[in-house]
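*Asks:* Line by line, the protein sequences give chains A and B.
Quick note: the first sequence uses my numbering, first residue 23, plus one each step.
Quick note: the second sequence uses my numbering, first residue 1167, plus one each step.
Hints should not be assumed to be uniformly reliable.
[What the hints assert, rightly or not] Here are some chain A residues pointing at chain B (derived, C-beta under 8 angstroms):
#, residue
1, Y263
2, Q274
3, Y483
If you are wondering where the hints come from, they were derived from the structure by calculation, not from laboratory data.
Don't be surprised by glycine CBs; every beta carbon is placed ideally from N, CA and C.
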Amino acid sequence: MYGYHGKIARINLSTGKISVEKFDEKMAKKWLGTRGFGIHVLLKEIDPKVDPLSPENKILYTTGPLTGTAAPTGGRYMVITKSPLTGYIAMANSGGFFGAELKLAGWDMLIVEGKAEKPVYISIRNEEIEIKDASHVWGKRVSETEKILIEEFGDKHAQVASIGPAGENLVRFAAIMNNGHRAAGRGGIGAVMGSKNLKAIIVRGRGRVELADRQKFISVVKEKTNKLKNDPVAGGGLPKYGTAVLVNIINQNGLYPTRNFRSGVFEYAEEQSGEAMAAKYLKRNKPCYACPIGCGRVNRVGVLEETEGPEYESTWALGANLGINDLASIIEANHLIDDLGMDTISTGGTLATAMELYDVGLLKQEDLGDAPPFRWGNTEVLHYYIEKIAYRQGFGDKLAEGGYRLAKMYGGEEYFMGVKKQELPAYDPRGAEGHGLGYATDNRGGDHIKAYMISPEILGYPVKMDPHDISDEKVKMLIAFQDLTAVIDAAGLCLFTTFGLVGDDYRDLLNAALGWDLTTEDYMKIGERIWNAERLFNLKAGLNPREEDTLPKRLTEEPMPEGPNKGHVVRLKEMLPRYYELRGWNADGTIPKEKLKELELDEYL
Amino acid sequence: MALVKYFATLREITGKREETVRGVKNIKELMQLLINRYGDKFAKELRDRAMILVNGKNILHIRDMDTEIEEEDVVSIFPPAGGG
Chain A
23 MYGYHGKIAR
33 INLSTGKISV
43 EKFDEKMAKK
53 WLGTRGFGIH
63 VLLKEIDPKV
73 DPLSPENKIL
83 YTTGPLTGTA
93 APTGGRYMVI
103 TKSPLTGYIA
113 MANSGGFFGA
123 ELKLAGWDML
133 IVEGKAEKPV
143 YISIRNEEIE
153 IKDASHVWGK
163 RVSETEKILI
173 EEFGDKHAQV
183 ASIGPAGENL
193 VRFAAIMNNG
203 HRAAGRGGIG
213 AVMGSKNLKA
223 IIVRGRGRVE
233 LADRQKFISV
243 VKEKTNKLKN
253 DPVAGGGLPK
263 YGTAVLVNII
273 NQNGLYPTRN
283 FRSGVFEYAE
293 EQSGEAMAAK
303 YLKRNKPCYA
313 CPIGCGRVNR
323 VGVLEETEGP
333 EYESTWALGA
343 NLGINDLASI
353 IEANHLIDDL
363 GMDTISTGGT
373 LATAMELYDV
383 GLLKQEDLGD
393 APPFRWGNTE
403 VLHYYIEKIA
413 YRQGFGDKLA
423 EGGYRLAKMY
433 GGEEYFMGVK
443 KQELPAYDPR
453 GAEGHGLGYA
463 TDNRGGDHIK
473 AYMISPEILG
483 YPVKMDPHDI
493 SDEKVKMLIA
503 FQDLTAVIDA
513 AGLCLFTTFG
523 LVGDDYRDLL
533 NAALGWDLTT
543 EDYMKIGERI
553 WNAERLFNLK
563 AGLNPREEDT
573 LPKRLTEEPM
583 PEGPNKGHVV
593 RLKEMLPRYY
603 ELRGWNADGT
613 IPKEKLKELE
623 LDEYL
Chain B
1167 MALVKYFATL
1177 REITGKREET
1187 VRGVKNIKEL
1197 MQLLINRYGD
1207 KFAKELRDRA
1217 MILVNGKNIL
1227 HIRDMDTEIE
1237 EEDVVSIFPP
1247 AGGG
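So that you can see chain A by itself, here it is in the shape it has in the complex (with noise of 0.2 angstroms):
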C-alpha cells in the first residue's frame, strides 16, 4: 500500500497501554484518510450519546496520504472527536508542521481514549511511543509548553501539538495549537484533552511516505505547484495581502458582519484591512509545510517583536464583529487567544453575544461588577476577558461556555449568532444565501471552510454565481463543495489550494502517490460517503434536523439594514427541503436505508 503507512496507534490514558493497530487498502479506498479514517472510528467506537468531556469520549489525530509528501500543502492534520461545544462531530484541521512530521514517523493516525489520573504527555521518536508526566508543563501557554518540551526532547525539529490554560480549564471552544499560533480550532476539540489530562503530543519523524511511482509524482506535484504560483490568487493575492486582503472586498460587497450581524458594512474595514496591515505591521510571509502559497502573516506590533495572524476570521471575529477598529489590539488579542489556546472565531462570537445582551439590557454592569463594560467598540473587552475565559474566571467562567449558553443564561437566545451551538464566521449569508445554506446544514455547525460558497458567490471561483440565487444550480453547488472539501481534508491538503486547482487535480495528484486509477467522480464519492457518514454520527447524537438545521431569526427574518444588501434575507425555507432532496435524505432531514447502502454505510447503523 503506497502513501499510507496501515499502522494506527491506540494509546489509552487510563491503562497506559499502547497498542499497533493496522489498516488494509479496502479502508483506505473507502474512506482516505483524515476525516474519513475518523468518522469511520467513532461511528465504530463511541457512543454517539456519550458525554464529549468523559473519558469514554475518544479524540483521533490523523493524517491524509499526501500528508508528509510533497504534494502542495501536504503537511495538514486533522483532530477528530465528538465537540462539547454542538455535542456533535468536530473535525478540525491544521498546517504548520505537526502532520508531516506524524506522518513522517511513521504514524497514519492515532487513537486516544480514557483519561489520564494525573496531566501527561505523549512523546512519539518514530516508532517508539511514551507517556510522560506534564505537570511541569501544565497551566503553562502555548509558546512556553512547546519550547520546554521541545528542550526536553532534545531534538529543535520536533514538533508539538498542545492545548493552553482554556483546553486544560475546559473552555468549551479551546483549540489545539501547533507551531505557535497553527491551530486545529473549532468546536473545542482542546477541551477535550483537557479532559483527558493530555497536555500535548511531541513527534519526531525520520521515515518517509512510500509512494507508487516517486518519479511520476514528483511530476505531477511540479505540475500542480507551478499551476498554484502561476494563479492570481494562490500566486499573487494571498501571498502578499493573507487572508484579511477579504476585509474590503467582503465589506465592499455588503456582507462584513457588523457588531453581532446587526450590519453586514463596517464603517473602519478599511482600517483593519489586509492592505493596511501589510503596510503597518508585516514583517515577512510564513509557509506551512511544502506550501508554495505562504499565506501565513509575521507582524510586529507593540512589545511584540514578532507573532503570527491574525487571519481574516480573526481580524473579524475581534474586530468589526465587535465594532473595534484598532487593528494593534486586535494583533495582540488574537496573539493572547494563540497563547492561550483557544479559538478566535469563537472567542470573539462569544464576546459579541455578552455586547449585544449588554446593549439591549439583558446583561447588566452589576452582573460584572468592577468589570469593563460590554460596549461596542470597547478595546478593554479584548484585553480584559480573553484572559478571564481561558482561567474561567470571574465573568469568563460564563463567558467560557460559549456564546449560545450564555445567551440562554440571560435569556436572550436570538442574539446568539450560530449554528448548532457554535459561532458563526465572517460572512454575513444575506449577502451569500447559498453560504447561509451552508452554515445551516454543516456537520459541525456554525463554519465556513467544510463549503467555502463564498468563492463561487463573491469571488468567482470556479464560476461567479449571483449571490441571491437560490436555484437548484446553487444547493447543487454546496453540496459538490462539501463533497470536494472532504476530499481535499481527507487527502490531507489544504483548501486554499482550491483557488488554483480543481478536481481533477487532486485525482492526479492522488493517482500518482496512491497507483490508484480512480476517476474524479470516484473521489467525490468519497468525500459524499464522509459527509453523510457524520450526519449520521449527529443524528445518532441527537440532531434534530427540523430545529437545528437552520440560522438565527435575525438572518432569515431581519432585513439586512443598510449597503448592497439592503432588504435581504436568507430563503432558508426554500432552499433546505431542496438540499435534503438533492442529497437523497427524507424529507425530514435523516438519511434513507437505501442512501446509506448506497455509499457502504449500512454497517454502521
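Use these hints to put chain B onto chain A, whose structure you have.
*Replies:* Same frame as chain A, but now just chain B:
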C-alpha cells in the same frame, strides 16, 4: 462624477486609494479610461477574474461591461483575490 475605489495591488499601480472620474457612461468606458491612464500593468492585473462592483453589486449580475455609471455611484475594483 463617480467615485472609483482601488484595492490591493491596484493601489500600488495607481498610487491611489480612490479618485473621482467624470464623463464615462458605463464600465466599458471607465476601464478604457483607466487603462489609458495607468497602462499595461493595470490591464494585466485585471486580465483574470477581476471583481468590479457598482455600489457594492457585482457588474456580472447587472449588465457586465455595459453597466451604466450614474452620478454619485461608487465603483470598487479588485484584482483577483481569495482567502477564507
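*Asks:* Now look at each hint and say whether the structure bears it out.
*Replies:* Consistency of the hints with the structure:
1. Below 8 angstroms, beta-carbon pairs count as interface contacts, and A/Y263 has one with chain B at about 6 angstroms; its hint therefore holds.
2. Nearest Cβ of chain B to the Cβ of A/Q274: about 5 angstroms, under the 8 angstroms cut. The hint holds.
3. With a cut of 8 angstroms, the hint placing A/Y483 at the interface with chain B holds, because the nearest CB-to-CB distance is about 7 angstroms.
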